[in-house]
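**Student:** Number 281 in full-length UniProt numbering belongs to position 281 of the sequence shown; there are no gaps in the numbering.
Worth flagging that the hints you see were computed from the coordinates, not collected in a lab. None of the values given here were measured: they were computed from a predicted structure. Mixed in with the good hints there might be a few duds.
No farther apart than 27 Å at their CA atoms in a straight line, the calculated lysine-lysine pairs in the DSSO-like style are these [said to hold, decoys possible]:
1. K475 to K395
2. K260 to K385
3. K385 to K373
4. K460 to K373
The following label-pair restraints were derived from C-beta to C-beta distances [said to hold, decoys possible]:
5. N392 to E542: 29 to 39 Å
6. G399 to K67: 53 to 63 Å
7. G399 to Q602: 48 to 58 Å
8. K175 to K112: 43 to 53 Å
9. F52 to Q582: 37 to 47 Å
10. G502 to K67: 18 to 28 Å
11. L16 to G430: 31 to 41 Å
12. L180 to G110: 47 to 57 Å
Quick reminder that beta carbons are idealized off the backbone N, C-alpha and C, glycines included.
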Amino acid sequence: MADQFMAYGYPDPVELNLPYQDPPKPQNPALKGTVLGFAGSLIASVSPLAKFFYTNAGFSKQLGEVKEYDDAIATYNPFVVSQNRGSHVTETTEPTDLSSYRGKTRAEKGHKYYSSLDYYDAYKSGSTTPTAVIESLLPLVRRDVANPTKHSTAFTSCKPDIVLAAANASTKRWKSGTPLGILDGVPIAMKDDLALKGYATTMGCKFEHVAECKETSWCIQQLLDAGAIIIGKNVMHELGSDTSGNNPHWGTALNPYNDKYYCGGSTTGGCYSIAAGLVPLVQGSDAGGSVRVPASFCGLYSLKTSHGRVSIRPSLNAVPSNCVFSPLAATMADLEVSFRLMAKPDPHEPFSKLFPAPTRAAVDRPKTIGIFKEWFDAADPAVTKLCYKAINYLKEKKGYEVINITLPYVHQTQLAHAMTTLAEMYSAFGKYISQVSGQDKILLSVAANTPASDFLAAQKVRTVMMQHLAHLFKKHPGLVIATPTVPNVGWPIGKGDINSSGSGMMDGNLSIRMMMYIFLANFCGLPALQMPVGYADAAQGEGKIPVGLMGNGEWGSDDELLEFGFDGEEYLNDEKEGGGRQMPGNWVDVLSLGKDDAKATQSGL
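Kindly generate the complete structure, drawing on both the sequences and the hints.
**Tutor:** Below, the structure written as structure tokens:
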């Protein structure tokens, strides 16, 4: 086994077996509207207040409880290359080749969302064209028209001339019998913190001066080269700083399953776009659960990639030691093809080129699920019930061994992640503090008061956790650390949350709870996959709320996590075992709209 193991930057395995401790109860006020706006401006202008909020958050005190960091060397970037060469199947096909695509059509049992294969079959049969599909989508997503629809809130920008030009080029390829592959003509969208030529990058803000990008992000270009059509850039939580998705500048997209709940953030509009049926896949980013939390709230699949696995060139990476670019999709097959394209090694990016090109994991790979029970069970009972049911299926029907594990200092590590993320965010956006909402005025002001000693301590805490994780992965090959993706059944929209003051809302206590599981992958550089495992009753509004299960894998095990996701998809789609996949009430049948437009064009109407 040792001669097959190849690693770069792999942490020294050090076991640290400590009992679980309940976290201290945070003492952060919930603010919204004009009160939040006033508080943000006051804290940003009065330094002692910002220092008080930093102290109140308990950063210094809780980081000091990790005694083991005294002898640790700080880890400033959790980049690790780890590959077991014997665990992969070599493939020669491109990820967009029909022969390597594992998707099914919507007509097949359990696949209620359209996959790329549905678009492929429709274009191949001639029942519609990429142009007809895009022409039916544009009125739904554009916000620069006289009567924008409810779907347009999920987008910050759409350039019809660019989108239609790409659609017409795809239609010509299909008519000439030379499509580029499974994604040719498929509409997709992207989060507004990645670069797209001809579009501005707003980060969910309303900055005074934002120039259009002159170059497209490497990972996005791979999808464009495969023929995918980006219909626009999605709205996101301002600066990606929270997980609700409330955006006072661009508007707040409401959860398609229940419009009294948030979609989640910060890839808010992207998850709305997929859940509502507008597109089958989206590209986003994740520094603190940003592709996993909203995917959980909206019943989707997402993969937070290994740190450095996907090139971030040439985009602004506001939190460089925690943020990665990652895919989201309605189906596992589209998540896989999107990841395999995005993760193509970039010869001009120092990290991604050290990874091998993505390949499909072997069927006989080790399959072990690790559960830190006390931590797992801290989620709401309705969430743990659905997650345990899915895990039992994976054990009984898919051959996974389920074991108990422990993780040291989970709450202190979460705090170290939050403090590091905020400090890095301040480094990138502190100069724009006068232009952001009340919430981010407070967060940036607090971050500005981070002592160097605390920042250094946080990176040592990162080392301590990574060393323990290395111990677990060495001891248990194929280990997937399972947790609920988020501990609550969605995030209900409070009275006055979506307000006309332009200040939004801030609930620090709830934000901390929502992020109690997702930080591990970001702070330690692990890949993590979110998959829906059921639906729970809502506390308000009409419609149940999706619940997600997350698997955290060893560094570089993104391919193995995809197989974990395919196994979970089988569970959910099984009406008897997982209850079957449910659809939101405002789902849009895009292909039918495209077929109607195509018929009208053919009839000369």
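**Student:** Confirm or reject each hint.
**Tutor:** Against the structure, the hints come out as follows:
Only pairs whose Cα atoms come within 27 Å are accepted, and K475 paired with K395 is accepted, the gap being roughly 20 Å. For the hint pairing K260 with K385, the CA-to-CA distance comes to about 23 Å; that is within 27 Å, so the pair holds. Taken as a hint, the K385 and K373 pair is honoured in the structure, with Cα atoms around 13 Å apart against an allowance of 27 Å. For the hint pairing K460 with K373, the CA-to-CA distance comes to about 26 Å; that is within 27 Å, so the pair holds.
Our hint of 29 to 39 Å for N392 and E542 holds, since their Cβ atoms are close to 30 Å apart. In this structure the hint that G399 and K67 lie 53 to 63 Å apart at CB is violated, the actual value being about 40 Å. For the hinted restraint 48 to 58 Å between G399 and Q602, the CB-CB distance of approximately 51 Å keeps it satisfied. Distance hint check for K175 and K112: the Cβ-Cβ separation is about 30 Å, which falls outside the suggested range of 43 to 53 Å.
In this structure, F52 and Q582 meet the distance hint of 37 to 47 Å, their C-beta atoms being roughly 46 Å apart. Between G502 and K67 the CB atoms are about 46 Å apart, so this pair departs from the stated range of 18 to 28 Å. Taken as a hint, the range 31 to 41 Å holds for the pair L16 and G430, whose Cβ atoms sit roughly 35 Å apart. For the hinted restraint 47 to 57 Å between L180 and G110, the CB-CB distance of approximately 28 Å leaves it violated.
Against the hints set out earlier in the document, violations occur for numbers 6, 8, 10 and 12.
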